[in-house]
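For chain A, the structure is supplied; the task is to place chains B, C and D on it using the hints.
4 protein chains.
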Amino acid sequence: MILVLQSKANSASTDLLVQNVFAGLAKLGLSGNLVQSGDETLITVQEDTRALASHLFNQIPGVAKVIRLAPQYAISSFNQDKSGTTCGATANNRTTIKFANGTEISNTASGSLPIIIAGPCSVEGKEQVVDLAYKVKAAGAKLLRGGAFKPRTSPYDFRGLGKAALEYLAEAKRVTGLPVVSEVMSCEQIADAEPHVDMYQIGARNMYNYELLKEVGKTRKPILLKRAMSATIDEFLQAAEYILLEGNLQVVLCERGIRSFDTQTRNTLDLSAVALLKTLTHLPVLVDPSHATGRRDLIRPMSRAAIACGADGLIIEVHDNPQMAMSDHQQAITPNALAQIAADVQAIHQALTGDRESTTTSANHEPCLVV
Amino acid sequence: MILVLQSKANSASTDLLVQNVFAGLAKLGLSGNLVQSGDETLITVQEDTRALASHLFNQIPGVAKVIRLAPQYAISSFNQDKSGTTCGATANNRTTIKFANGTEISNTASGSLPIIIAGPCSVEGKEQVVDLAYKVKAAGAKLLRGGAFKPRTSPYDFRGLGKAALEYLAEAKRVTGLPVVSEVMSCEQIADAEPHVDMYQIGARNMYNYELLKEVGKTRKPILLKRAMSATIDEFLQAAEYILLEGNLQVVLCERGIRSFDTQTRNTLDLSAVALLKTLTHLPVLVDPSHATGRRDLIRPMSRAAIACGADGLIIEVHDNPQMAMSDHQQAITPNALAQIAADVQAIHQALTGDRESTTTSANHEPCLVV
Amino acid sequence: MILVLQSKANSASTDLLVQNVFAGLAKLGLSGNLVQSGDETLITVQEDTRALASHLFNQIPGVAKVIRLAPQYAISSFNQDKSGTTCGATANNRTTIKFANGTEISNTASGSLPIIIAGPCSVEGKEQVVDLAYKVKAAGAKLLRGGAFKPRTSPYDFRGLGKAALEYLAEAKRVTGLPVVSEVMSCEQIADAEPHVDMYQIGARNMYNYELLKEVGKTRKPILLKRAMSATIDEFLQAAEYILLEGNLQVVLCERGIRSFDTQTRNTLDLSAVALLKTLTHLPVLVDPSHATGRRDLIRPMSRAAIACGADGLIIEVHDNPQMAMSDHQQAITPNALAQIAADVQAIHQALTGDRESTTTSANHEPCLVV
Amino acid sequence: MILVLQSKANSASTDLLVQNVFAGLAKLGLSGNLVQSGDETLITVQEDTRALASHLFNQIPGVAKVIRLAPQYAISSFNQDKSGTTCGATANNRTTIKFANGTEISNTASGSLPIIIAGPCSVEGKEQVVDLAYKVKAAGAKLLRGGAFKPRTSPYDFRGLGKAALEYLAEAKRVTGLPVVSEVMSCEQIADAEPHVDMYQIGARNMYNYELLKEVGKTRKPILLKRAMSATIDEFLQAAEYILLEGNLQVVLCERGIRSFDTQTRNTLDLSAVALLKTLTHLPVLVDPSHATGRRDLIRPMSRAAIACGADGLIIEVHDNPQMAMSDHQQAITPNALAQIAADVQAIHQALTGDRESTTTSANHEPCLVV
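Chains as they are written, first to last, in the working numbering: chain A, 88 to 458; chain B, 88 to 458; chain C, 88 to 458; chain D, 88 to 458.
Some hints here could point you the wrong way.
Copies of the same chain look alike in the list, so a pair counts if it works inside one copy or between any two.
As the list claims (entries may be wrong) - Calculated pairs, DSS-like style, for lysine-lysine (alpha carbon to alpha carbon, straight line, at most 27 Å):
no., residue 1, residue 2
1, Lys213, Lys114
2, Lys114, Lys308
3, Lys305, Lys250
4, Lys250, Lys301
5, Lys301, Lys222
6, Lys250, Lys224
7, Lys308, Lys224
8, Lys308, Lys222
9, Lys185, Lys95
10, Lys222, Lys250
11, Lys185, Lys222
Derived by calculation from the structure, the hints in this document are not laboratory data.
If you're wondering where the values come from, they're calculated on a predicted model, not measured in any experiment.
Isolated chain A (complex conformation) (with noise of 0.2 Å):
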């Protein structure tokens, strides 16, 4: 951290200023260096700040700037021991989830196969969502995904069938093992969804809703954390760590487009996001071509390069008739379609890895299992 202190009229102001700085440092246990640059006098902190709230600094009188050095998401970070978890020694272990049934979300740096979420938007009666599971499970999707409550942008549109969907859901899930996660947007719903969901998602409107985010963290279910559509990647993992600092260690972030002012898209999918959340973090980091470009005829070629890029998984919007799908219609795509971006899913998988392949990032570990 570097403090830019404020400009003073003669040096023994300055020299006053500069105690005085260094006085509110050593109050906080901390010490730092005086150097000048340009017209600027500046301390550097010497310690790690990164738990340390900023007003801390900026209260020092004489202080006009703080410049951290380290972005503030001490339990995401790659590089951090995740102290309470079973992972025990090795700091560097990427994030597995493991599902009563076997299935696992994980980190693909280790090789294994990214995984395929599918489902309908919007949950739209018992027998379409069981029909459903059984087609993407064939297609090749390891969970479920369907919409029970639904946040939509007009109060006139559709909003989802509510409880009754979280029971067809179960049924789904009985039918055919899929494990199955849905959208919570309160912690009514959250008690709703507790019985049936394996796995809760926080959509993209509600990535800062810090309520819902320390409730989701308490309860010990794995969270599909969706990124804002106008977060920065500091925001979006600062997000994560609300949910990590309650304790719930299970969270798989999810890229599903960001707002530009292009609008041939409904968002802007950014996918060099997925590429840096891979060197910044150990969590497992998903992407949703469906909501990124709301567009049928992108899903695949989205699919393809998210998979290239090294995301861990897709969560795909799915319906066997997508015309008459009640929400997010336009980016449906069938069951038949689903089969082929999960042969693209494994075709590029073995062509990035396998015998030619010998990155640093695919160095061998233990997965951290933290179920």
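Chains B, C and D only, in chain A's frame:
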């Protein structure tokens, strides 16, 4: 509404398609006209479809695309009856919100002076907020703001004093008479705030938190709804619609900066959104120059600009000793600086109303008292 | 095209308005249909209006708004005849550009291997560029890139060696056989580059420089047109149209990152734009992962992703000693790293073509040789 | 400037690295201080490095990252000597540009009235522009704008009357006395415009066209430089620096809206950029509400806001019959509407200066006459 039809290989299959779409519209009680434009076959819908869900149209077999000509915010829209209000006959009445002590937040098109809301970012103690309440009142503020529950990007930063802060705010109100506005982020916090707070703020991070919007929609206190940092105008008004639909008609909109690419200001203050909103909705529109700029030196010029382009008021962060503020210290101004801004507001308001001004926007109207 | 008419107080004045608009269309040799939709009166135009200027319609008295259903890029559009080319009968032929030595940049939908263009950001000396040319050729590059004239944000930074650099590039071509691509920013530079360069690059900063586009459109050398950092897809294709309209049909598009809000990468690589462009235009589409990310560690994953989503090639900055590069050193990779990427390209291309693949996009077609 | 050093495995190799960096700085005639902060080893540079190219520092072996504390625009910067000007001794003089007829565009911090430039988007004929020149002069404009060469996104749209338009503008100037500003997009157009135009406009699309900036920098006419639609403030000032470095010190900056995600306005007017620029540079700053909003109904409120936040003037598109305008008809206002805005400007200026105002920004100063 315009429905763009799928292309068909020959005119016979197109004829069938068209028949199906007309039949689909008929089931919804709607009628349409068939037209050809370039390569496209279109059916235009005759009736008002604003309160009808989009999937109803997408599901009609043969429809490729739905183009809405009018946005989906029936209640907040300028030209709508606000049925259920006390407004009575006139459709174009603008909303005025009246607090128990007679203070009003109202659409200033009628000529009333824009309002100023001020106070600390975070409530830091009883003495602090009481003292500041006196000072901002003396400087011209008509409501007191103060954060009890603070949404913070980093979980390691100061998150507010919570319930204690609510009591301090109530005390500040008791001694100064200023109504109090404070942010709530969950149902639990609404319950905590209920006895102490006169107006609930929904922060920018929670504008898409539809569960929370519905909850505050069920209360009968005025709501200060801030625009999310990448919300379109349509999304902003649709968020307001969630509150209005629950029967709470006392909604005040607040522009607080959007996310853009430049890093020299915290956000980009979107003042044309303010001017635009004044043409679209009867709800009052405030501006928060503090969060928009994040820079103390830009609060005054941007406050002036906000009033000049038609904002109905300002909400400004004030601190006695900005450097010592426990949150957002870079953007806090002193009570003295607030007094200068209050004088600016008065000067600009006077310059732009009075004899020389007779635009259609300042036409006489009876205020719609929704309290 | 749809014309939205102004609202009128009564049906008589609306009738007059409608007559006027029909008369206005008739003067342009066009016809329309009158329809009513909600409160709006519309006239839909029957004919194709893509090559007609917008003001012709705005000027018709009574027209409030013009909605185009088809974009204004007639020549680059996928479904258009490229009259004047040697393509002959088939409208859907994709463009292939052929250099004197047989190297081709072509739409890879036909199954050809994506191309790699590589070389230093700036030409720094004869020895450097000749040496690098050998190395990037050995690593798999088919064209040599190198900046002679460098657009730099700061006028105090290194702006390239100018004409001397062009001669060094020519020498590198002479010894390696690699065709050379280099950026031009003015007519004068086009003249300077003419004897030495095989393909002119129009950089992102000049995509809206229509005078320059017209100038290179008058040459008969292939053009590498980079997308401006906040250009919409429509604007990008319309910029290409400026070149095509001058009779130069050898245009290659290049996505190189758009401006967004996150600061951890130089730009945001918009790969869905690549997939989208492949559905809209017959022109080849390349990706520049170097400028898009600005980070050496992200070049490889994003190169993989680009090829996976259908890019027809890559343009990558290479330096023997990246730290010593006189411009953009953070994003330069070594020749060895380039060889890894070339192997990736081959592996992904093979994985996604071959027996298992039979999508409509890889349908057989005869390449359209425009040289 | 702060240099962040590469991490090394042990202290011996770090010592060597540090020695190398100090040696590298010494070669540049610079000195530094070594400090440790958290895990990072830093060397802070003591001297002013603004006019030194970045690659000089990146090339020093051992340097991982260069952090500039001051931006790279030495001449436009507020606190710099404008050596070579007639300003003489005082460094903080603000720029005033004086035309032959006595008209001035100047920094209004001195209390002068903001200037209004007005005229048609495109010159459409001699009669039109002469007639409009009379009318905008009567309404309060001090310069006449008019497009002869029009950059248009679609090559199929009207691109201006070219040289003939320049003669019409000259005629309009002859009869009204109003100095003329018109856009140039190439060297050739500069030559064409030279006899007829008093101020060259560089449009938003050409702000990054450094060759053009250098060309107009070689002329001795005032330049109106518009901000590119996604230019940062730093890039904007660095573009100005290209002109200033050629010895032309008569640069006027113009904010005209940035590209954002909302589609209801053409661009997003960034007024905080105006307030910010007034703290960073001595150059005058104008606002173009016409291109920023693209909507006739928002020109007046945004003109008011621009003046209120400190803009030194406005440039506004006016047409006698906006519907008939051959370009940008949606944003043209009538001469009558311009007169209202001129009255607003005066009213706001008077309200915010005069007796009640005594801020530091309106401190007395001698205008720097650069003509």
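Original post:
Is it within a copy, between copies, both, or neither that the alpha carbon of lysine 301 lies no farther than 27 Å from that of lysine 222?
Top reply: Neither: 35 Å inside a copy, 36 Å across copies.
Subject >> Same-copy or cross-copy closeness of lysine 185 to lysine 95 [CA-CA at most 27 Å] >> reply: neither (58 Å within a copy, 37 Å between copies)
Subject >> lysine 213 and lysine 114: within-copy, between-copy, both or neither at 27 Å Cα >> reply: For lysine 213 and lysine 114, only the inter-copy Cα distance (25 Å) is at most 27 Å; the intra-copy one is 62 Å.
**OP:** Give the relationship of lysine 305 and lysine 250 under a CA distance limit of 27 Å: within one copy only, between copies only, both, or neither.
**Re:** both (22 Å within a copy, 21 Å between copies)
Original post:
What label fits lysine 114 with lysine 308 when the C-alpha limit is 27 Å: within, between, both, or neither?
Top reply: neither (40 Å within a copy, 44 Å between copies)
Original post:
Can you tell me if lysine 250 and lysine 224 fall within 27 Å by alpha carbon in one copy, between copies, both or neither?
Top reply: The answer is within: 24 Å in one copy meets 27 Å, while 49 Å across copies does not.
Original post:
Between the shortest in-copy and the shortest cross-copy C-alpha distance, which are at most 27 Å for lysine 185 and lysine 222: within, between, both, or neither?
Top reply: within (23 Å within a copy, 46 Å between copies)
Original post:
Checking lysine 308 and lysine 222: alpha-carbon separation at most 27 Å within a copy, between copies, both or neither?
Top reply: Classified as within: same-chain Cα gap 26 Å, cross-chain 49 Å, threshold 27 Å.
**OP:** Have a look at lysine 222 and lysine 250 and pick one of within, between, both or neither, based on CA distance no larger than 27 Å.
**Re:** within (23 Å within a copy, 51 Å between copies)
Subject >> Within, between, both or neither: lysine 308, lysine 224 at alpha-carbon 27 Å >> reply: within (22 Å within a copy, 49 Å between copies)
**OP:** Please work out whether the CA atoms of lysine 250 and lysine 301 approach to 27 Å or closer within one copy, between two copies, in both situations, or in neither?
**Re:** both (22 Å within a copy, 18 Å between copies)
In the structure shown, a violation is registered for the earlier hints numbered 2, 5 and 9, in ascending order.
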